[in-house]
Amino acid sequence: MPYFREEEARAIIQDTYGHVRSDRAAVAEAFYAPEELARLPRGAAELALGVGHPVGHAALQPGEVVLDLGCGAGIDTLLAAFAVGPGGRVIGLDMTPEMAERTQQHAAAADLANVEVREGLIEEIPLSDASVDVVLSNGVLNLSTRKSRALAETMRVLRPGGRVSLSDLILTEALPEDVLKSPAALAG
Amino acid sequence: MLLKKFFNVGFEEIVVAERKPFGLGELTRYPLFTKEFLEFLKKIMPPHRHEELVFSIVLTARKPRDATAA
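If you're matching them up, the sequences are chains U and W in order.
The first sequence begins at 1 in our numbering and counts up one residue at a time.
The second sequence begins at 1 in our numbering and counts up one residue at a time.
Treat the hints as calculated values from the structure; they're not laboratory data.
Be careful, since some hints might not be right.
Claimed, not checked - In silico SDA-like cross-links for lysine to any residue, where the CA-CA straight-line distance does not exceed 20 angstroms: (1) U:Lys181 <-> W:Leu27; (2) W:Lys42 <-> U:Ser148; (3) U:Lys181 <-> W:Ile14; (4) W:Lys4 <-> U:Glu8; (5) W:Lys35 <-> U:Asp15; (6) U:Lys147 <-> W:Met1; (7) U:Lys181 <-> W:Lys20; (8) W:Lys20 <-> U:Arg149; (9) W:Lys20 <-> W:Lys35; (10) W:Lys43 <-> W:Ile57; (11) U:Lys147 <-> W:Ile14; (12) U:Lys147 <-> W:Phe55; (13) U:Lys147 <-> W:Val9; (14) U:Lys147 <-> U:Glu8; (15) W:Lys20 <-> U:Asp15.
Stated by the list, open to error - Anything over 10 angstroms on all C-beta distances counts as not near chain W; from chain U, calculated: (16) Phe4; (17) Arg21; (18) Glu123; (19) Thr154; (20) Arg159; (21) Thr172; (22) Glu173.
Every residue gets a Cβ at the ideal spot worked out from N, C-alpha and C, and that includes glycine.
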């Protein structure tokens, strides 16, 4: 049972992620290797808010086109950009303007010319059919009230044979209703 | 549920490549959660779930190679 309407959920998430600040990289240090983090602007690591390491399981190849759904401050976008090289391309998509701007800034700071950032919804991906080789996502699908729609859009933009590598949180036992009704739990 | 959604949309080769417990300790890393919210969770969740509130997974999948464009 949804506790938040779609617009309400989106507003809570945008507000939370638009205003989040951090001066430590505890999340990034839990999931990424030191040598990976050493290549990135500090801000990309400090604002890593994912729940796993989807790039690590994506088998990215030079020249591939990658879409990072809900790119946040760009940690996975940037690591993917290093992996696919100058012959490849990575598109970071985020609905929160502040996060999209951060990814753009971090890509520039990392001297990555193969990163493009777009504002938009994962449920309405602003890309053509069959235009990407790989879709990444890290702790984002659980924030959507239309997960099946987001997955259908993912399917649409992937080329035949294209791959998804997604990290997210799953429940194996229900959470109390008071937790499910909490905006903090929704956005986190 | 998530795997079922992937299957229903038409993905193939769906694999859970990684699955790890995610508890209160993990949540303290995130600037998204206040100390008050974490205390609230600690009180409301039974002790046996403090180290396993949810699970984090990495899931990989593939679009069928013979899929036509949408």
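Q | Broken hints, by number | A | Result: hints 2, 3, 4, 7, 8, 9, 10, 15, 17, 19, 20, 21, 22 break, sorted rising.
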